[in-house]
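Line order of the protein sequences matches chains A and B.
According to the numbering used here, the first sequence holds residues 619 to 823 in order.
According to the numbering used here, the second sequence holds residues 6 to 139 in order.
It should be emphasised that the hints constitute simulated quantities derived from the structure, not laboratory data.
One or more of the hints may lead you astray.
[Said to hold, decoys possible] The calculated SDA-like cross-link candidates involving lysine to any residue, where the alpha carbons are at most 25 Å apart (straight line), are:
#1 A/794 - B/92
#2 A/794 - A/651
#3 A/794 - B/95
#4 A/794 - B/90
#5 A/794 - B/138
[Unchecked claim] Where chain A lies over chain B, by a calculated footprint (3+ residues, C-beta under 8 Å):
#6 67–78
#7 123–133
[Claimed, not checked] Partner residues are not named here, just some residues of chain B that face chain A (Cβ under 10 Å, in silico):
#8 53
#9 54
#10 90
#11 91
#12 94
#13 116
#14 120
#15 136
#16 137
Please read these numbers as outputs of a predicted model, since none were measured by experiment.
Glycine included, C-beta positions come from ideal geometry on N, C-alpha and C.
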Amino acid sequence: MMARRAYRTAVLTSLLVLGACQTAGTAAAPELSGFLSDHEQLQPGRADQAQLIYINPEANFAPYERVLIEPVVLWEPDGEKLSDVPRPELEQLSRSLQESMRRELAQEFDIVEDPEPGTLRLRLALVDVERSSTSSDAVFIGTVSIEVEVLDASSGERLVAAADLRGNHEPVDVGKAFDTWAARARARLSAFRAFDAVHAPSDGD
Amino acid sequence: MPQGCRIVPHNAAVAEFLDEVLDKGERSVKRTTLLLALVLFGASPARAMNCQDWGRLYENEKVPAVYGMIDAAVAGSGGRSMGVNRAGIARCLERRAQEISYAFDDTCADSRTARMQAINQIFKNYIWTCVGQT
Numbered sequence: 619m620m621a622r623r624a625y626r627t628a629v630l631t632s633l634l635v636l637g638a639c640q641t642a643g644t645a646a647a648p649e650l651s652g653f654l655s656d657h658e659q660l661q662p663g664r665a666d667q668a669q670l671i672y673i674n675p676e677a678n679f680a681p682y683e684r685v686l687i688e689p690v691v692l693w694e695p696d697g698e699k700l701s702d703v704p705r706p707e708l709e710q711l712s713r714s715l716q717e718s719m720r721r722e723l724a725q726e727f728d729i730v731e732d733p734e735p736g737t738l739r740l741r742l743a744l745v746d747v748e749r750s751s752t753s754s755d756a757v758f759i760g761t762v763s764i765e766v767e768v769l770d771a772s773s774g775e776r777l778v779a780a781a782d783l784r785g786n787h788e789p790v791d792v793g794k795a796f797d798t799w800a801a802r803a804r805a806r807l808s809a810f811r812a813f814d815a816v817h818a819p820s821d822g823d
Numbered sequence: 006m007p008q009g010c011r012i013v014p015h016n017a018a019v020a021e022f023l024d025e026v027l028d029k030g031e032r033s034v035k036r037t038t039l040l041l042a043l044v045l046f047g048a049s050p051a052r053a054m055n056c057q058d059w060g061r062l063y064e065n066e067k068v069p070a071v072y073g074m075i076d077a078a079v080a081g082s083g084g085r086s087m088g089v090n091r092a093g094i095a096r097c098l099e100r101r102a103q104e105i106s107y108a109f110d111d112t113c114a115d116s117r118t119a120r121m122q123a124i125n126q127i128f129k130n131y132i133w134t135c136v137g138q139t
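Bound conformation, chain A alone:
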């Protein structure tokens, strides 16, 4: 019991230290834009305060073999301007993010245009894009935030939702940020599928 208490104290201390370091180096949790419908479900991710996530506890990812990737949305609710970045550049960014996702997920799933049974639907939006104040190079963006959700393409049931932010006014290579997001999306979905193939939630539970 003592050892366990000591372990917990050590874990708590390290989380506090790590948390402090991360707060200094990265961004605060992003504010949600309204692109994701059910805000209340999202919670701060463990040990990464820049992320909000929701994972449906009932979701079984094992049967999903296909993914339908919706066009990346430039989220401008009520005509509000997304960014001071010129529209052609924003559209280029959305195409770039779409291509990163498509390239990565194609290695794990069949990419489809119409929902079939066993298809995930990926909804994705750029919700904040700010120019870097210290770099005029278009490759570098000051802040870029995305919101994403993964649904069952047939039923519309939400399986995963997340919001993330990169840069926070420090120049960030936006292409690399998109590739990182896409690679992580693939890795997470791949691990969920593999895990659920063995430990899938069942109706009887």
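Assemble chain B onto chain A, guided by the hints.
Below, chain B alone, put in the same frame as chain A:
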């Protein structure tokens, strides 16, 4: 209890064996124990562990059970490929195996949060975090 799930953790001889091999602390041995643990708590395919199952495990069976989950997530046959540092994700999860075990304990001890799929959800949250750190 759903069909196909056998909970047989109270086997003193196997528990002793688990103690013995865990003391050696080698990864390959842990792999052996996790396979044993899977047999112990009867994690048959397409069957999630719930708090009831978790509560039936002896203390010395819990971390090996977590290793079984890690193995399923990073080496399972469900996906075609992971595309990122699979070994790094496994190491991250393994470093947290004890913490994950305590998280399961805490969640399952609280009747307000001990939903049937709480363990599954907590473990996927750890996967999410570890993918983000590799």
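Status of the hints after comparison with the structure:
1. A/794 - B/92: holds (22 Å)
2. A/794 - A/651: holds (23 Å)
3. A/794 - B/95: holds (24 Å)
4. A/794 - B/90: holds (17 Å)
5. A/794 - B/138: Satisfied, since the Cα-Cα distance of roughly 16 Å is no more than 25 Å.
6. 67–78: holds (count 3)
7. 123–133: As far as the region 123–133 of chain B goes, the hint holds, because 9 residues have Cβ atoms under 8 Å from chain A.
8. 53: holds (5 Å)
9. 54: For residue 54 of chain B, the interface hint holds, since the closest Cβ of chain A sits about 6 Å away, which is under 10 Å.
10. 90: holds (9 Å)
11. 91: Constraint on residue 91 of chain B satisfied, holds at 8 Å.
12. 94: With Cβ-Cβ at 7 Å, under 10 Å, it holds.
13. 116: At 16 Å from the nearest chain A Cβ, residue 116 of chain B fails the 10 Å test, so the hint is violated.
14. 120: holds (6 Å)
15. 136: holds (5 Å)
16. 137: Result: holds, 6 Å to nearest chain A Cβ.
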